[in-house]
Amino acid sequence: MTEIPLQPAAKTQGSLDHVFYVLKANPVTLIAFAMFALLIFSAVFGPALVPYDPLATNASNALQPPSAAHWFGTDNVGRDVFSRVIVATRLDLSISVAAVALSFVVGSVLGCIAGYWGGWPDIILNRFLDTIMAFPLFVLAMGIVAALGNTIENIIYATAIINMPFYARLVRAEVNIRRDAGFARAAKLAGNSDLRVLAFHIFPNALPPMMVQVSLNLGWAILNAAGLSFIGLGVSPPTAEWGIMVAEGANFIVSGEWWLAVFPGLWLMIAVFTFNLLGDGLRDIVDPRKRT
Amino acid sequence: MSAMLSVKNLAVAFQTRRGQVDAVRGISFEVSKGEILGIVGESGSGKSVTSYALMRILDAGGTIKAGEATYSGIDLRRAAERDMRDIRGREISMIFQNPRAALNPIRKVGHQIEDVLRHHARATRYDARAKAIAALEAVKINDAEARYNAYPFELSGGMCQRIVCAIALACDPRLLIADEPTTGLDITTQKAVMDLVRDLIREREMSSILITHDLGLAAQYCDRILVMKDGEIVEQGDPVQIFTDPQHPYSRKLVDATPRAGETVRSLLPPEDRGSEPTPIVGDKTLLEVRNLTKTYAGKSGPVHAVKGISFSIKQGQCVGLVGESGCGKSTTSEILVRLMDATSGEVIFDGEDIAQVPARGFAKDARRADIQMVFQDATDSLNPRHTARQTISEPLRRLGRMRSAQVKARIEELATLVGLPLSLLDRFPHQLSGGQKARVGIARAIALDPKFLILDEPTAALDVSIQAVVLNLLVDLRAKLGLSYLFVSHDLHVVRLLCDHVIVMKDGEIVEQGAAQDVMSNPKSDYTKTLLAAAPKPPLRRVTN
Numbered sequence: 003m004t005e006i007p008l009q010p011a012a013k014t015q016g017s018l019d020h021v022f023y024v025l026k027a028n029p030v031t032l033i034a035f036a037m038f039a040l041l042i043f044s045a046v047f048g049p050a051l052v053p054y055d056p057l058a059t060n061a062s063n064a065l066q067p068p069s070a071a072h073w074f075g076t077d078n079v080g081r082d083v084f085s086r087v088i089v090a091t092r093l094d095l096s097i098s099v100a101a102v103a104l105s106f107v108v109g110s111v112l113g114c115i116a117g118y119w120g121g122w123p124d125i126i127l128n129r130f131l132d133t134i135m136a137f138p139l140f141v142l143a144m145g146i147v148a149a150l151g152n153t154i155e156n157i158i159y160a161t162a163i164i165n166m167p168f169y170a171r172l173v174r175a176e177v178n179i180r181r182d183a184g185f186a187r188a189a190k191l192a193g194n195s196d197l198r199v200l201a202f203h204i205f206p207n208a209l210p211p212m213m214v215q216v217s218l219n220l221g222w223a224i225l226n227a228a229g230l231s232f233i234g235l236g237v238s239p240p241t242a243e244w245g246i247m248v249a250e251g252a253n254f255i256v257s258g259e260w261w262l263a264v265f266p267g268l269w270l271m272i273a274v275f276t277f278n279l280l281g282d283g284l285r286d287i288v289d290p291r292k293r294t
Numbered sequence: 011m012s013a014m015l016s017v018k019n020l021a022v023a024f025q026t027r028r029g030q031v032d033a034v035r036g037i038s039f040e041v042s043k044g045e046i047l048g049i050v051g052e053s054g055s056g057k058s059v060t061s062y063a064l065m066r067i068l069d070a071g072g073t074i075k076a077g078e079a080t081y082s083g084i085d086l087r088r089a090a091e092r093d094m095r096d097i098r099g100r101e102i103s104m105i106f107q108n109p110r111a112a113l114n115p116i117r118k119v120g121h122q123i124e125d126v127l128r129h130h131a132r133a134t135r136y137d138a139r140a141k142a143i144a145a146l147e148a149v150k151i152n153d154a155e156a157r158y159n160a161y162p163f164e165l166s167g168g169m170c171q172r173i174v175c176a177i178a179l180a181c182d183p184r185l186l187i188a189d190e191p192t193t194g195l196d197i198t199t200q201k202a203v204m205d206l207v208r209d210l211i212r213e214r215e216m217s218s219i220l221i222t223h224d225l226g227l228a229a230q231y232c233d234r235i236l237v238m239k240d241g242e243i244v245e246q247g248d249p250v251q252i253f254t255d256p257q258h259p260y261s262r263k264l265v266d267a268t269p270r271a272g273e274t275v276r277s278l279l280p281p282e283d284r285g286s287e288p289t290p291i292v293g294d295k296t297l298l299e300v301r302n303l304t305k306t307y308a309g310k311s312g313p314v315h316a317v318k319g320i321s322f323s324i325k326q327g328q329c330v331g332l333v334g335e336s337g338c339g340k341s342t343t344s345e346i347l348v349r350l351m352d353a354t355s356g357e358v359i360f361d362g363e364d365i366a367q368v369p370a371r372g373f374a375k376d377a378r379r380a381d382i383q384m385v386f387q388d389a390t391d392s393l394n395p396r397h398t399a400r401q402t403i404s405e406p407l408r409r410l411g412r413m414r415s416a417q418v419k420a421r422i423e424e425l426a427t428l429v430g431l432p433l434s435l436l437d438r439f440p441h442q443l444s445g446g447q448k449a450r451v452g453i454a455r456a457i458a459l460d461p462k463f464l465i466l467d468e469p470t471a472a473l474d475v476s477i478q479a480v481v482l483n484l485l486v487d488l489r490a491k492l493g494l495s496y497l498f499v500s501h502d503l504h505v506v507r508l509l510c511d512h513v514i515v516m517k518d519g520e521i522v523e524q525g526a527a528q529d530v531m532s533n534p535k536s537d538y539t540k541t542l543l544a545a546a547p548k549p550p551l552r553r554v555t556n
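For the record, the sequence lines run as chains A and B.
Under our numbering, think of the first position of the first sequence as 3, with each following residue one higher.
Under our numbering, think of the first position of the second sequence as 11, with each following residue one higher.
These are computed hints drawn from the structure, not numbers from a lab.
Quick caveat, the model's predicted, so the values are computed rather than measured.
We put the beta carbon where it would ideally sit given N, CA and C, even for glycine.
Check the hints yourself; a few may be wrong.
Restraint ranges, calculated between C-beta atoms of paired labels, are given here [said to hold, decoys possible]:
hint : chain 1 : residue 1 : chain 2 : residue 2 : range
1    : B       : G194      : A       : P123      : 34 to 40 Å
2    : A       : G151      : B       : Y307      : 51 to 57 Å
3    : B       : R208      : A       : P29       : 53 to 59 Å
4    : B       : A90       : A       : A252      : 57 to 63 Å
5    : B       : A70       : A       : R129      : 41 to 47 Å
6    : A       : V21       : B       : R301      : 56 to 62 Å
7    : B       : P369      : A       : T153      : 46 to 52 Å
Only part of the chain B face toward chain A is listed, based on derived beta-carbon distances under 8 Å [what the hints assert, rightly or not]:
hint : residue
8    : I84
9    : V348
10   : R371
11   : R379
12   : M384
13   : D388
14   : N394
15   : R396
16   : R400
17   : P406
18   : L410
19   : R455
20   : S532
One chain only, chain A, in its complex shape (with noise of 0.2 Å):
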C-alpha cells in the first residue's frame, strides 16, 4: 500500500549500461573491480612483465631490502620477491577459480536435486552436507591432500569439496521456495517438463545470492590453497605461491628481514578482500530487480 507511484520507467538499458550503472552508484564495488582487474591483470601478463626471472637466485644479493632495483627486496637466496608475488597470482587465482567454480556446479546439481523433489535424495544430501561440514574444513582438506597425493589439482578438488556444502545448501533453499512458485507452475503450463522448469526458471533465480557466495568462496579458496602450501603440502617449492613465500618468509622475520612474508602476505589479503568487496557488487550486476 506504500507504494509509490513511479515516474514513468526510462527505456531498458542494455546489459553493459547496467553494469556501468552499478559501478557508478557504489564506489565501493567500483575500487572493488578495480583491484579485480588489477588481479587479473597480473595474473595474465605478470610473468611477462616482471623484472626478474621468479626462480633465478642470485647468492650474492641475498636478503636485501627493499630498493629502487627491488622493490620487495630480495629472499635468502637472492630471488626477487616483487617478481615472486606478481608470479604467483597466476597460480593462486586458478587454484581458487578452478576449485569454486568445481564446487558451483557440483554444488548447484546437488542442491537442485534435493530442493525441487525433496524426499530421499534431500535426506540423504543433507546427512551427507553435514557429514562433511563436522569435519573442521581445514583438516578435511589437509587429510585429502595428504591421502590424494601432493598435487595442484588435489588442492583444487580439496578447496572444491571443502566449499561445496555451501553452495548445495543456499541453492536448495533458494530453489525450495520457489518450488510451487507462480511462475514455475505457469512454466509447466506452457510445456516445459520438471527438469527445463528446474533449470531454466528456478536456477537462474537463485544466481543472485550465489554470486555473493561465490566472491566470498574465492577469497577463501585463496587463503585455503595457500595455508595448505604454509604447512607444505600442495604447492612445492621453488614454485612461487603465496603461501609458500610467507612460510618461508615467516623464518627470517626474527631476524629482522620482514619483506619476505610480509609482502606476500599483503597480496594475500588484497586478494582475499578483493572478492569480499565484490561480492555485493556482482548480486547487483546479475539481479534483474536492480535494473531500472
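Here the structure of chain A is known, so what remains is to put chain B in place on it, guided by the hints.
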C-alpha cells in the same frame, strides 16, 4: 463534537534513487470525537503513508515536508520521539494490514498483549495476566484463558486480527487507525472483524480512521469518507452522498468500479469506455465434466480431505464460477483440472477423454496441454522476475506451439494488442510493470495458444478496483471473441455474478449449491450461500443510472 485530530496541509516526501517523490501533497482533514473516518484510495494514493506520518513511523527516506498534525493539542510533527512512544498505543493505536506479520511469531499472544499494558504502566507484573485475558475477552475470543498461551501460527487469520485488535485496544486509546484491517481475510471473517471493531469503537466512544481500498466497506462502516488520489484528497463527504452522487471524476470512477447488485460488467467502467457488452455463445456440447473428484492429502494428524467427491460440468463457451472461502477446496480443484496435481480418485472428462488418467507430471508433454491453461491469482508471483514480458509470453509459443522466431514475434504483438498491453512495454521486466499490466501479461500468456478452457484463479484479487474493472471487461471480451470456456475461481460472489452464467458454491470440499448465477444470487437455497451473500459489504445503490 470537537476535532480530536486535525491535519493541515500535511505533505510527505520520500527520497529515492530517482530523486524526491511526493507521496502526500498537502492534505487537510479533521477527525471528531466518536467519528469513524474512512480514507479510500487505490495503491499509491498515499493513504497508508498519511497514517504512518501521523504515527511518525514512516519508512526510511520518508519525511514530513510541511503541514501540521495536532492531536488533542499535541503537535505530532514536532513531538520528541520519547513522547511519541507514550502516545503510540495509549492515545493513538494502529491495526495493520497483515495480522500475521504484525504479531511476533515466537511469542505467546497473551505475552504480546502484556507487553503493551506494561509498557504504558496499565498493568503490573501481578495483574498483567488477568488484564490480558480481559483484553482477549473484549475482542470476543472464545476460551480466552486457553488462547492466552497460543502462538500466532496456531490461530486462524481472523483470530490473529482479533489479537491485533486486542493489542491495539488494550490501553484504551482514544484514536484507532485501521490500515486495511481485513484485506486477505475471508468475507465472513471480514464482516465479523469489522462488526467487532465498530462495536468496540462505539462502546468506548473512540474515534477511528479506517483506511481501505474498498469503497463498499468504507461506506458500510464509516461516518464520513475521504477519497484520495496521488497524495491529494479529491473528495470528502457522507458515504451515501459519495455513492449516489460523486462529484469528482475520480470518485465517480471508483464508485462505478465497485461491484454490487444490479450492475453489469460494463457499468464498472467509466461511461465513455463502456461500449456494448458482447453476448457470448454458449454451446450445447459439454466441454468438461468432473465426476466424483476427490483429493486427500496425508496431513500430520491423519488424512486431510480437501475435495470430497464433487461433480459438475462446463459447456462449450460457458463461464462457470467456483466460489468459496479459503480452505474450501476451490484451489485444489482448479489445480487438478489444470493438471498440475493428481486427483485421489474421480474422472475429469475433457473433450470426451478422461484426462485425470494422465499423471500431472507427464502432462507437459500431452497434446492437450495447450487446450487447458490458467491465469494465476497473483500476477507478480506468476511472472518470472528474470524474464521480460516478451519472454514470458513467448514461452508457451516456443515450447508448445513450436513456432519460429519470426512467427513468435508476430504472435506476441498480436496478443499484446488483444489484451491491451502497449507494445513498448514488452521488453520490460515484471518489476517495471504495474499490477494491471502484469495481469495482462499473464492473460496473454494463458491465451497464447488459443486454449479451449481457461481457469481464472482469482485473477483480480491483487488488483485495485478500477483495474479490476478493466481486467474483468477484458476477460468478457476475450471470451466472446475467442469462444473460450472459463472456470472463474473467486471468493467474491459479486464479481462472479458479473462474469458467470453458472455458479458453484463450495464449502469444506463439497459443493453446497450450484445453479444459474442469477438464481443462486437472488434466491440462494443453502444457508452457507445466504451467509456469504449477507457478509459482503452492501454499498448504497446508485441513484442515477447512466
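| query | Per the CB criterion, is V348(B) less than 8 Å away from chain A? | reply | With Cβ-Cβ at 7 Å, under 8 Å, it holds.
task: Return holds or violated for the Cβ distance of G194(B) and P123(A) against the range 34 to 40 Å.
output: The hint (34 to 40 Å, Cβ to Cβ) holds, given that G194(B) and P123(A) are roughly 35 Å apart.
Q) Do the numbers back the hint for P406(B), that is, is its least Cβ distance to chain A under 8 Å? A) Where the cut-off is 8 Å and the nearest Cβ of chain A is about 4 Å from P406(B), the hint holds.
Q | Interface restraint verdict for R371(B) against chain A (beta-carbon cut-off 8 Å) | A | 7 Å, holds
Take the shortest C-beta to C-beta distance between R400(B) and chain A; is it under 8 Å? 11 Å, violated
Q.
Hint validation: D388(B) versus chain A, beta carbon distance must be below 8 Å. Holds or violated?
A. 6 Å, holds
- Proposed interface contact between M384(B) and chain A, which counts if any beta carbon pair is under 8 Å: 6 Å, holds
### Task
With 46 to 52 Å as the target window, see if P369(B) and T153(A) comply at their CB atoms.
For P369(B) and T153(A) the Cβ distance comes to about 49 Å; the hint holds.
Restraint check, 8 Å cut-off on beta carbons, for R379(B) near chain A
Holds - the Cβ of R379(B) comes within 8 Å of chain A, reaching about 5 Å at its closest.
- Query: When the nearest CB of chain A is found for S532(B), is that gap smaller than 8 Å?
  - Reply: 35 Å, violated
Worksheet entry | Interface restraint verdict for I84(B) against chain A (beta-carbon cut-off 8 Å) | 25 Å, violated
ask   = Should the hint that A70(B) and R129(A) are 41 to 47 Å apart at their CB atoms be regarded as holding?
value = 42 Å, holds
Against the hints set out earlier in the document, violations occur for numbers 8, 16, 20.
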